[in-house]
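Spelled out from the first residue to the last, the chains are:
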Amino acid sequence: MINVLLWAPLAFGLVGLFLPRRAVGPWAVLGALVTLGVAVGMTIGFDSGDSGLQYVESTPWISGLGVDYSLALDGLNLFLVLLTAVLWTGGVAFAAFRDYERPKTFFFLMLVAETATLGSFLAQDLLLFVLFFDFMLVPFYFLFGAWGHDRTAEGGITASAATLKMIIYTLIGSLLMLVAAIATAIISADGGHITFSIQALQEQGIGLGSQRWIFWFFAAAFLVKMPAFLLHGWMPDAYRAAPLPALAVFSGVLAKVGAYGFLRIVLPLFPEATVEFQEIVLVIALASILYGSVMAFTQTNVRLIAGYSSVAQLGFITAGIFALRADGADGAVLQMVNHGLVVAPIFIIVAILLERTGTEDIREMGGMALRAPVLAALFLIVALATLAMPGSSNFIGEFYILNGLFQAKIVFAFIAITGVAMSAYYALRLYQGAMHNRKPEGLMSREIGWRDSVVLVPLVLCILALALYPQLILKRTNPSVEQTVAKVTGGSAPNSKLATKNEESGWTGYAPIGDK
Amino acid sequence: MNFNEPHIDYAGISPLIALTVGICVVLLSAVFRPFKRSAPLLTLITLGATAGLLIWQWDDPKNLITGALRLDDLGISISLIAVMMAAFCVLLSIGERATEEAGSGEYHSLLLGSVLGMVLLSQATNLVTFFVALETLSIPLYILCATNLRREGSLESGLKYLIVGSIGSATLLYGMAFLYGGTGSTGFQGIAAGIAHNGLDGDPLILIGIAMAAVGLAFKTSIAPFHQWTPDVYQGAPTPITSFMAVATKAAAFAVFLRFFEVALGSQLDSWQPALAALAAISIVVGNVGALGQDSLKRIMGWSGVAQAGYMLGGVVVASEAGTSSLVFYLAAYAFMNLAAFAVIVARERETIFGDDIRAVRGLGAERPALAWPLTISMLGLAGLPATVGFIGKLYLIEALVEGDYTWLAVFIAVGTMISLAYYLRVVAAMWMRPERDAVPGGTPAIAGAAPEADPVDPEAGRRWYLVGPAVLAAAATVFFGVIPQPLVEFASHAGAALF
Chain A
1 MINVLLWAPL
11 AFGLVGLFLP
21 RRAVGPWAVL
31 GALVTLGVAV
41 GMTIGFDSGD
51 SGLQYVESTP
61 WISGLGVDYS
71 LALDGLNLFL
81 VLLTAVLWTG
91 GVAFAAFRDY
101 ERPKTFFFLM
111 LVAETATLGS
121 FLAQDLLLFV
131 LFFDFMLVPF
141 YFLFGAWGHD
151 RTAEGGITAS
161 AATLKMIIYT
171 LIGSLLMLVA
181 AIATAIISAD
191 GGHITFSIQA
201 LQEQGIGLGS
211 QRWIFWFFAA
221 AFLVKMPAFL
231 LHGWMPDAYR
241 AAPLPALAVF
251 SGVLAKVGAY
261 GFLRIVLPLF
271 PEATVEFQEI
281 VLVIALASIL
291 YGSVMAFTQT
301 NVRLIAGYSS
311 VAQLGFITAG
321 IFALRADGAD
331 GAVLQMVNHG
341 LVVAPIFIIV
351 AILLERTGTE
361 DIREMGGMAL
371 RAPVLAALFL
381 IVALATLAMP
391 GSSNFIGEFY
401 ILNGLFQAKI
411 VFAFIAITGV
421 AMSAYYALRL
431 YQGAMHNRKP
441 EGLMSREIGW
451 RDSVVLVPLV
461 LCILALALYP
471 QLILKRTNPS
481 VEQTVAKVTG
491 GSAPNSKLAT
501 KNEESGWTGY
511 APIGDK
Chain B
1001 MNFNEPHIDY
1011 AGISPLIALT
1021 VGICVVLLSA
1031 VFRPFKRSAP
1041 LLTLITLGAT
1051 AGLLIWQWDD
1061 PKNLITGALR
1071 LDDLGISISL
1081 IAVMMAAFCV
1091 LLSIGERATE
1101 EAGSGEYHSL
1111 LLGSVLGMVL
1121 LSQATNLVTF
1131 FVALETLSIP
1141 LYILCATNLR
1151 REGSLESGLK
1161 YLIVGSIGSA
1171 TLLYGMAFLY
1181 GGTGSTGFQG
1191 IAAGIAHNGL
1201 DGDPLILIGI
1211 AMAAVGLAFK
1221 TSIAPFHQWT
1231 PDVYQGAPTP
1241 ITSFMAVATK
1251 AAAFAVFLRF
1261 FEVALGSQLD
1271 SWQPALAALA
1281 AISIVVGNVG
1291 ALGQDSLKRI
1301 MGWSGVAQAG
1311 YMLGGVVVAS
1321 EAGTSSLVFY
1331 LAAYAFMNLA
1341 AFAVIVARER
1351 ETIFGDDIRA
1361 VRGLGAERPA
1371 LAWPLTISML
1381 GLAGLPATVG
1391 FIGKLYLIEA
1401 LVEGDYTWLA
1411 VFIAVGTMIS
1421 LAYYLRVVAA
1431 MWMRPERDAV
1441 PGGTPAIAGA
1451 APEADPVDPE
1461 AGRRWYLVGP
1471 AVLAAAATVF
1481 FGVIPQPLVE
1491 FASHAGAALF
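Here the protein sequences line up with chains A and B, keeping their order.
Each step along the first sequence adds one to the number in my numbering, with nothing skipped, and position 351 is 351.
Each step along the second sequence adds one to the number in my numbering, with nothing skipped, and position 400 is 1400.
If you are wondering where the hints come from, they were derived from the structure by calculation, not from laboratory data.
Glycine included, every Cβ here is placed at the ideal spot set by N, Cα and C.
It is possible that some hints are incorrect.
The calculated label-pair distances, taken between Cβ atoms and stated as ranges, are [unchecked claim]: (1) B:1476 to A:437: 42 to 48 Å; (2) A:152 to B:1163: 42 to 48 Å; (3) A:14 to B:1035: 43 to 49 Å; (4) B:1483 to A:298: 42 to 48 Å.
Could you put the whole structure together from the sequences, leaning on the hints where they help?
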């Protein structure tokens, strides 16, 4: 089952190469739908009380080097896998209704990217994770470079230069991570049989001296991917170059792989280093929140507004994880899904707006709501979810994150809370600029067509469903998250009571780890 | 008086016999008119027979010719890589001008001569066989580099290679003299015993010998700072020869590098290990930085070869079974990746007027997918991206380095790989993406590389089976062993077990 989930997109992509040009789009949508179906089936069959791995698949892959092909689902990755399947269906379907040059290669690469992304979420072998993590970049390199937009006319750079920048930035982290992963396994093995199984490595553990540098090698890879403040240099150019359906899934899912990596690998494998560097990472996270928000205020390109808002949101998620409290990490997982579900529709709406207005500049947009009330309503829901309106699932996510942060580091929590306020500003600015105000000359305002509705409405329905029932996620992730966080805190941290009972748990206390 | 007939293990030396017979037959075939066109076929038959005989001897280690050669899995695996590269070189040479100008029989028998040197070198366990084999390998290559008679670059390449190669050989020979002088033995085992017996541990005599031998081998494997000839020679030589030279020479030289340093000089580990590690690091930096900004594909491959040699030297540095296995694995991986790239370069050289300039592959993705995919896979593999054998090769090397306490060198490999992306991906971008600058309008003669009038354009070259076939096969192998690396890992670990 889990093998089908992982390889179905690739298989469909390969077959698609041999189909006639016109059939390849619908075929790719079918592939994404089949994957989504499998993912939904696995979510239904998931045992929500179990904190361990489920649907385990494990066979030796390169026995000489100790690498296993091992996949599994647990509370940490279940909903990220589902998110991947949902967003890819949306992105591929949106692209299928449009004409792209060389459609066979385009859809092939989209589906390869889905397999790679699912692989990095599912992998339970450290090296397999690194492999998929690096491999994710390859299809996006081609998608962004070959189908992207050159920005030389606007004083920017070409698509191929932008993607080169992106790939070099992200691989700096990834390659160091490869060295760090191998070092982790060899140090744990201590002359014995080398294994890269994350489960086995957790049990053995490595000394603090090695943990320190290995921690930063991993952190570099994950922080670049998000991207975090100071490591985000590739983001503006890449976001402006990317074709929008690919950007929707890229921004919606790939950034989360970095945050997920912290939860899956860094916390359980390097617990002492995590505690030691907790505050440094929190500072980076807060800087991302503030910088991302401020940049999102000032940008006029709608892609960059969404891009910088992602930097801020990912800062929130990182802060939640590094609160090192179960609440914070619960919130982070929930927020990863929430953010994916709002940012992908934003990029699809940007694509729809681009077709109508011919511009991505928010100053030249506006007045759309009058003639296109449905589109405006959909956009409004997405925008309100982005700013974490009470009642939305994003509100719950941010509440959990802040709750975790208050329990751990109250000072950081106060700063982080300003980010919530700022998100209201940039989300509303984006919505108002595009939908309200006076209609500029020459702008075509028309209602969203059925083709785009088919893509957009289900995504918005997912946002609404989660707003009504966030427990769907929290109930299933909480056992695994508690287990992961307990590895760092040694079980001394108060367990999350919020996830099971809706009552407060000491959320004014400043209780650094080690005081208990 | 008693005459003892020496014991000759004919089975063990059968690959060498097959090659020698092949050289004579191919050379003579050119003389007889009816067989004039059959030199490539005869060469392929010889190489096939050699490969068969080598595989027959697999997993049956033994000493040959009173210990002058050692036939073990390390030697056989390296020889097989050399034979494979030679076979593909024959295919790529079909229709190459150089074979016509130099004479097909001579060209192919020289190629076989070089292969003979490589097979010998990969088995050498004696200073004399070591040196003789190295020269047997080199001299035909000097000539082959210069076979494209009408091109100035080719002659220059041959001459340059001759001079630099001779300096390398002379340095090596001088170093050998020191070692022989100190230990009184030419056998690798004898040298190790002599060092221990004569109390020469850390003796200047031995250290000078080691240093000079290392420099000599560094010339052959194009390790920086002894690499200056590489880009020029790679660019000037006929492209099929470049492809052969880039991989097979490296493979054979690394085989003897391993054997010499780990068998004969194993006791002096502490003195040569840091020095070789430094050379590896320099090579990685110099090669990768040098490749940036190159416009000739063959020069890019040359500089990248310097960097790749630096990665591979890491396998020698750690002096362990894992190191040796990882080196053999990387060499095999390198063979596939290079082959795919060079096959495409040959095809485009004949097909376009741009020679080996990067403009020759511009827009290849739309125009000739059957060539664009192999070159793309090759570039991604050389850059070490996952799902190619290049990633597994790097993984293997890094694992060996970390295990051998050379984590810093592993970090160098990671950093070098990062730099390398800038030029490997430039080639990929040229094939699939819109050009960075406006393309020079077609019809303008190439500036870099060959003078266009010397190489007539063959517009169908991109469809010829003997060019597309090797490219597709090698690219398929690159992906196959990237996804299912186990067979190649076993092949390499056999070779690694031979030394330790």
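Structure-based check of each hint:
1. B:1476 to A:437: 42 to 48 Å: About 57 Å separates the Cβ atoms of residue 1476 of chain B and residue 437 of chain A, which means 42 to 48 Å is violated.
2. A:152 to B:1163: 42 to 48 Å: holds, 46 Å
3. A:14 to B:1035: 43 to 49 Å: holds, 46 Å
4. B:1483 to A:298: 42 to 48 Å: With Cβ atoms ~46 Å apart, the hint holds.
Violated hint for the displayed structure: number 1, the only one.
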